[in-house]
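Q: FYI, the numbering for the sequence shown is 1 to 263, going by the numbering used here.
Note that these hints are calculated values from the structure, not bench results. Given the structure is predicted, the values throughout are model-derived calculations rather than measurements. Just so you know, not all the hints are guaranteed correct.
Unchecked claim - Taking lysine to aspartate or glutamate and the DMTMM-like style, the derived pairs with C-alpha atoms no more than 25 Å apart in a straight line are: (1) K210 <-> E195; (2) K2 <-> D24; (3) K2 <-> D87; (4) K210 <-> E192; (5) K203 <-> D191; (6) K210 <-> D139; (7) K2 <-> D61; (8) K194 <-> E217; (9) K178 <-> D139; (10) K2 <-> D91; (11) K194 <-> D139; (12) K210 <-> D171; (13) K210 <-> E239; (14) K178 <-> E239; (15) K210 <-> D137; (16) K2 <-> D148; (17) K210 <-> D198; (18) K203 <-> E192; (19) K178 <-> E215; (20) K178 <-> D148; (21) K178 <-> D61.
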Amino acid sequence: MKRPLILVSNDDSYMARGVHALIDRLTLLGDVVAVCPLHPQSGQSMAITVNSPLRITRIPDYNGARMYHVSGTPVDCIKLAMHHILDSRPDLVVTGINHGSNSAINVLYSGTMGAAMEGAAFGIPSIGFSLTDHSADADFTPCLRAIDVLAAATLRNGLPRDIAINVNVPDIAGTPEKMRICTPCRGLWNDEYKEYTDPAGHKFYWLTGKYVNLEPENETTDEWALSHGMISVVPVAIERSLDIDRGIPWLAGAVDEYNNRVV
1 MKRPLILVSN DDSYMARGVH ALIDRLTLLG DVVAVCPLHP QSGQSMAITV NSPLRITRIP
61 DYNGARMYHV SGTPVDCIKL AMHHILDSRP DLVVTGINHG SNSAINVLYS GTMGAAMEGA
121 AFGIPSIGFS LTDHSADADF TPCLRAIDVL AAATLRNGLP RDIAINVNVP DIAGTPEKMR
181 ICTPCRGLWN DEYKEYTDPA GHKFYWLTGK YVNLEPENET TDEWALSHGM ISVVPVAIER
241 SLDIDRGIPW LAGAVDEYNN RVV
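Given these sequences and hints, build the entire structure.
A: The structure is reproduced here in structure tokens:
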């Protein structure tokens with residue numbers, strides 16, 4: 001049987017240990033092509049490059065996978081792979097393994113999940129993997145079984161169109177015993193930017209802050225699962241609008257008021 005084609009990307013650059021750990025597992029399941037940013041692109045979400053030329057560079061293969069880097073964002077990587085690199089449509093897009101969590105509200109900022117969502121936008125089953133360890137030399141052992149199970153299951157069964165899977169793995173010794181389907185935790189970041197003064201007396205700001213869990217007792221959330229040593233699995237939809245009766249009940253009335261106004 002023909003081996004499935006798996007497209008891999010990330011936001012930590014082609015040199016990150018996480019993407020190499022991901023490739024090591026996925027080459028057991030299919031033929032892998034990795035298209036990653038030239039430079040780290042954390043926090044880029046679904047950003048695309050519009051005012052600069054993009055360059056694709058073929059680099060040496062890694063563990064049987066064809067490797068490229070792109071002078072752009074993670075979403076640029078997926079778009080260029082689909083339009084200019086791959087010879088056929090991939091069966092699966094897998095992104096990561098991110099150095100750091102993409103749970104809760106962080107999914108909105110994540111370049112790793114931005115690339116996965118772009119894969120979903122192309123109608124390709126897509127998964128993003130993250131480990132709750134930001135260090136460059138992180139040990140990705142806790143992620144390996146989750147990659148094996150979820151990638152194989154997605155290849156067998158597919159995913160609904162416009163939905164990707166956001167997988168976060170706790171940084172614990174060995175392999176987590178449990179995996180759980182979760183909801184994204186409600187929370188916010190406090191003191192996001194710290195103020196400094198440079199030698200010339202000018203102020204500047206550096207991103208910092210701490211995530212505040214607004215529902216720490218809610219056992220259905222990804223943050224709760226991670227804090228209890230479990231892998232969190234959250235389906236994420238591209239379509240972010242709400243049904244009227246679930247969202248803003250008065251909005252329909254305001255629209256009617258506008259439409260019925262006499263000019």
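Q: Against this structure, judge whether each hint is valid.
A: Here is how each hint holds up against the structure:
| no. | hint | verdict |
| --- | --- | --- |
| 1 | K210 <-> E195 | holds, 15 Å |
| 2 | K2 <-> D24 | holds, 19 Å |
| 3 | K2 <-> D87 | holds, 15 Å |
| 4 | K210 <-> E192 | holds, 7 Å |
| 5 | K203 <-> D191 | holds, 16 Å |
| 6 | K210 <-> D139 | holds, 23 Å |
| 7 | K2 <-> D61 | holds, 21 Å |
| 8 | K194 <-> E217 | violated, 30 Å |
| 9 | K178 <-> D139 | holds, 19 Å |
| 10 | K2 <-> D91 | holds, 11 Å |
| 11 | K194 <-> D139 | violated, 30 Å |
| 12 | K210 <-> D171 | holds, 18 Å |
| 13 | K210 <-> E239 | violated, 28 Å |
| 14 | K178 <-> E239 | violated, 29 Å |
| 15 | K210 <-> D137 | holds, 23 Å |
| 16 | K2 <-> D148 | holds, 19 Å |
| 17 | K210 <-> D198 | holds, 24 Å |
| 18 | K203 <-> E192 | holds, 16 Å |
| 19 | K178 <-> E215 | holds, 21 Å |
| 20 | K178 <-> D148 | holds, 15 Å |
| 21 | K178 <-> D61 | violated, 34 Å |
Hints 8, 11, 13, 14 and 21, counting from the list given before, are not met by this structure.
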